[in-house]
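Participant: Chain H is fixed; fit chain R with the ligands onto it per the hints.
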Amino acid sequence: MGDPTIRCTVEDLLYRYAEALDDGELERWPAMFLESGQYRLIPRENHQRGLPVSLILCTSRAMMEDRVVAIRKACVYTPHVCRHLHTNVRVGEVEAGHVETRANYAVYRTTEDGETVLLSVGHVEARVALGPEPRFERMDVVYETFRIPGLLVYPI
Amino acid sequence: MPTPSAESFWPWPEGDTAHVPYRVFTDPELFQREQERIFQGPTWSYVGLEAEVPEEGCFRTTHIGDVPVILSRSKDGQVHVLINRCSHRGALVLHEACGQHKRFNCVYHQWGYDPDGTLRAVPFKNGVEGHGGYCGVDMDMKALSLRRLRVEVLNGLVFASFREDTPPLREYLGGVWPQLTRVFDGRKLQVLGYLRQRVRANWKLYFENVKDPYHAGLLHLFVATFGLFRSTQRGETLAEPSGCGHLVSYKGGAEEHREEYEQQGITTYQKGYRLRAPELMRKLPDFRDDIAVSIQTIFPSLVIHRISNSIATRHVLPRDVNDFDLIWTLLGYADDTVELRNQRILQANLVGPSGYISLEDVEALEIVQRGIQGERGDAAFVALGGTQVQYGEPERDLANETAIRGFWKTWRTLMGV
Ligand code: FES
Ligand SMILES: [Fe+2]
Chain H
0 MGDPTIRCTV EDLLYRYAEA LDDGELERWP AMFLESGQYR LIPRENHQRG
50 LPVSLILCTS RAMMEDRVVA IRKACVYTPH VCRHLHTNVR VGEVEAGHVE
100 TRANYAVYRT TEDGETVLLS VGHVEARVAL GPEPRFERMD VVYETFRIPG
150 LLVYPI
Chain R
0 MPTPSAESFW PWPEGDTAHV PYRVFTDPEL FQREQERIFQ GPTWSYVGLE
50 AEVPEEGCFR TTHIGDVPVI LSRSKDGQVH VLINRCSHRG ALVLHEACGQ
100 HKRFNCVYHQ WGYDPDGTLR AVPFKNGVEG HGGYCGVDMD MKALSLRRLR
150 VEVLNGLVFA SFREDTPPLR EYLGGVWPQL TRVFDGRKLQ VLGYLRQRVR
200 ANWKLYFENV KDPYHAGLLH LFVATFGLFR STQRGETLAE PSGCGHLVSY
250 KGGAEEHREE YEQQGITTYQ KGYRLRAPEL MRKLPDFRDD IAVSIQTIFP
300 SLVIHRISNS IATRHVLPRD VNDFDLIWTL LGYADDTVEL RNQRILQANL
350 VGPSGYISLE DVEALEIVQR GIQGERGDAA FVALGGTQVQ YGEPERDLAN
400 ETAIRGFWKT WRTLMGV
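Line by line, the protein sequences are chains H and R. Residue 0 is where the first sequence starts when you use numbering that gives the first Met the number 0, and the numbers rise one by one after that. Residue 0 is where the second sequence starts when you use numbering that gives the first Met the number 0, and the numbers rise one by one after that.
By construction, these hints were calculated from the structure, which means they are not laboratory data. For each residue, glycine too, the CB sits at the ideal point set by N, CA and C. A few of these clues could be false.
One-sided excerpt, in silico: chain R residues whose CB lies under 8 angstroms from chain H [unchecked claim]:
no. : residue
1   : Ala142
2   : Arg146
3   : Gly192
4   : Arg195
5   : Leu274
6   : Pro352
7   : Leu358
8   : Val361
Restricting the straight-line Cα-Cα distance to at most 25 angstroms, the calculated cross-link-like pairs of lysine to any residue (SDA-like) are [said to hold, decoys possible]:
no. : chain 1 : residue 1 : chain 2 : residue 2
9   : H       : Lys72     : R       : Lys141
10  : R       : Lys101    : R       : Val190
11  : H       : Lys72     : R       : Tyr213
12  : R       : Lys187    : R       : Glu54
13  : R       : Lys408    : R       : Leu29
14  : H       : Lys72     : R       : Leu339
15  : R       : Lys141    : R       : Arg102
16  : R       : Lys101    : H       : Asp139
17  : R       : Lys101    : H       : Glu44
18  : R       : Lys74     : R       : Leu153
19  : R       : Lys282    : H       : Leu129
20  : R       : Lys282    : H       : Ile70
21  : R       : Lys74     : R       : Lys187
22  : H       : Lys72     : R       : His214
23  : R       : Lys187    : H       : Leu50
24  : H       : Lys72     : R       : Glu278
Quick list of simulated restraints, FRET-style, between CB atoms [as the list claims (entries may be wrong)]:
no. : chain 1 : residue 1 : chain 2 : residue 2 : range
25  : H       : Arg71     : R       : Gly415    : 22 to 32 angstroms
26  : H       : Ala105    : R       : Ala382    : 41 to 51 angstroms
27  : R       : Tyr107    : H       : Leu129    : 52 to 62 angstroms
28  : R       : Val127    : H       : Thr109    : 56 to 66 angstroms
29  : R       : Gln77     : H       : Arg48     : 31 to 41 angstroms
30  : R       : Asp334    : H       : Thr86     : 42 to 52 angstroms
One chain only, chain H, in its complex shape (with noise of 0.2 angstroms):
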C-alpha cells in the first residue's frame, strides 16, 4: 500500500494533465515530463504480446513538443475535444525520489456537433519524479480500445 501523501501527490500530477488536455492546452503538456521523459501510447494486444510498436512514442520532451506544433501546423482533422477520467489511482514505494504509479483511465471524444463517443479506455503505467515539482519520468498508456474510432490527434 503506498503512502497517501505520496498518492495524492501523483494524483494531483495526474489530474493537471488530464486537465491541461481537457481544456485543449497541449502545450502545457511536454512540460509535465521530465526532459529526458519518454510517452508512449500502445495498444494492449501489442503490450500482451510483447510487440514493441506504440501509437505514439516520444523518447524526449523535445519529441512530445514536435507531436505538439505538428498537431497544431501540420495535421489535418475534424475539430474535437477530450474528456479524461482517471481513478484507480495506486503507487508503490518510493525510491530514490521516484515512485511507480497505475491507474485506470477512460476518455471521451466530442465533436463540433455535440456527439460524443468513447475513443479510448485503458490504464496508465507511470514513473513520476518527486520533488518540489513533480514530473512523470515516463508514462506507459496502455489502451485496450485498440481498434480506434476514426483517428487518434491528441495524446492521451
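Facilitator: Below, chain R with the ligands without anything else, positioned relative to chain H:
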C-alpha cells in the same frame, strides 16, 4: 420551383472515365454485389503473413470480404486458408483472433478438424448404444472438411482466391511485382506490432487514396514540408488491369546531394518551425535505391508501404458500405540491426491512426463519405492529367489521376456496371 437537377451519372455512362458516380460508395446493393464479384471473384485477397503462423497448428482468423476465414499452418509446413464455418451447422470453428491448436475443435458440438481443414472427429458418430448417430447416413467425411481456398505465398505474404480461374499471382501483380519484391525479397520478416482503426468510409475510397499522387503534397503538410514527398518530385504511378498498382516517389537530386537534401528536410517543416528532435526523420541505410516513398496496392485488400525506414502492410477489411477496418502490421526483418529496428519502431509515429502522414487520409475519406450523402446521381470528377486509362505503363508525373481511372475501369469490368 425545384432547382434544375444536375446531370445524372447514374446509371454510369458507358465509357465515361472522367466521372465516378458517388453511388458506388453508398449503395448497399452494390456492396453485396462486390462480395460475390470481387471478394469471391477472380481476385487475390491478402490474408496475412507466413510469419504470423510460424508453427504447426498456428492460426489467425480474419475475413475476405464478409466471409470469415482462417490462416493456418499444417504439420507438413504448408499454409492454408480455410473458410471459418463449421461443416456441421455453421458456427465459427475458431473464434479467437490467433493462437495454436493441434486440432481445430468447433465449440458447438466438438467436430474436430486438422489445421489443413480435414474433418477428423465427430462425437457420437456411431450413436449411443446403437441408436442415433450417423449410422445408415451417407456421411462423406472428406466432403465435410472445411472449404480450402486457393493459396499463393509470395515471400511471406499469403494470398487466397475463391476461384480457380484467377490468374497466377505473379501475372495478377504485373508491373507491381518488381517494387513489391524489393521489400518482400524473401528475407525473414519480423512483426513489430499492430495498429488498427475503424474508418467511417467506403473501402474503395482508400484504394483511390493510395493511387492518388495529387493529394500527397497538398493534404499531407508534414511530408510536403519535409521533402519526403513533393508534388514537383520525380515519381510515377502505375495501374494494372487486375486493380493492382503502385505509387513511387524518388528523392530529389542525385545520390551525392541526398544527404544535404535530407539535412534541409530536417531543419524546417514549416517556415520558422524546426523539428526539435530531428532523429525521428533520420533515415538509416536500408534499401539501395533512390526511393523516398513507395506504396503498392494489391486489389482488393492490401496496401504496402515503405516510408523512410517504416515498412508495413495495411490490410483493408470492408465491414459494410459505409465502414472498413484498416489494420497496419508494422514490419522489420529478423536480421535488422538493433539501431535499424529501433528506427522502424520510432517511425511508427509517421503512420497509423495517429501518424503524422497518414491520419489525414482517414480524415479525407470520412469527410468524402459525409459529403456524398444524399447524392442523386452526382459524380466525382477524375480528369486530372486527361481522361485516358493506361494499364501496365507508368505515368511519370505526380499531377494526374490516371491510376484512379484505371482502378475504376477494373472495378466496372468486375462488377458488370
Ligand atoms: S456447429 Fe460445429 S460442431 Fe456443430
Ligand atoms: Fe495520403
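Participant: Does Pro352/R hold up as a contact with chain H if the rule is Cβ-Cβ below 8 angstroms?
Facilitator: With Cβ-Cβ at 4 angstroms, under 8 angstroms, it holds.
Participant: Using the beta carbons of Ala105/H and Ala382/R, state whether their distance is inside 41 to 51 angstroms or not.
Facilitator: holds, 47 angstroms
Participant: Going straight from one Cα to the other, do Lys74/R and Leu153/R come out at no more than 25 angstroms?
Facilitator: The hint holds at about 20 angstroms.
Participant: Holds or violated: is there a CB of chain H closer than 8 angstroms to the CB of Gly192/R?
Facilitator: Gly192/R check passes; min Cβ-Cβ to chain H is 3 angstroms, inside 8 angstroms.
Participant: Does the closest beta carbon of chain H sit nearer than 8 angstroms to the beta carbon of Arg195/R?
Facilitator: holds, 4 angstroms
Participant: Using 8 angstroms as the Cβ threshold, decide whether Leu274/R counts as touching chain H.
Facilitator: Holds: closest Cβ of chain H sits about 5 angstroms from Leu274/R, inside 8 angstroms.
Participant: Regarding the pair Lys282/R and Leu129/H, is the alpha-carbon distance no greater than 25 angstroms?
Facilitator: violated, 37 angstroms
Participant: Holds or violated: are the alpha carbons of Lys72/H and His214/R at most 25 angstroms from each other?
Facilitator: The given pair, whose Cα atoms are some 18 angstroms apart, holds under the 25 angstroms limit.
Participant: Take the C-alpha atoms of Lys187/R and Leu50/H, compute the straight-line distance between them, and say whether it is at most 25 angstroms.
Facilitator: Distance ~17 angstroms between Lys187/R and Leu50/H Cα, so the pair holds.
Participant: So if I understand the rule, the pair passes when the alpha-carbon distance is 25 angstroms or less; does Lys72/H with Leu339/R pass?
Facilitator: violated, 29 angstroms
Participant: Given the hinted pair Lys101/R and Val190/R, is their alpha-carbon gap at most 25 angstroms?
Facilitator: It holds: about 23 angstroms lies between the C-alpha atoms, which stays within 25 angstroms.
Participant: Within 25 angstroms, alpha carbon to alpha carbon, are Lys187/R and Glu54/R?
Facilitator: holds, 14 angstroms
The structure fails hints 1, 2, 9, 14, 16, 19, 25 and 29 (numbered hints given earlier, in ascending order).
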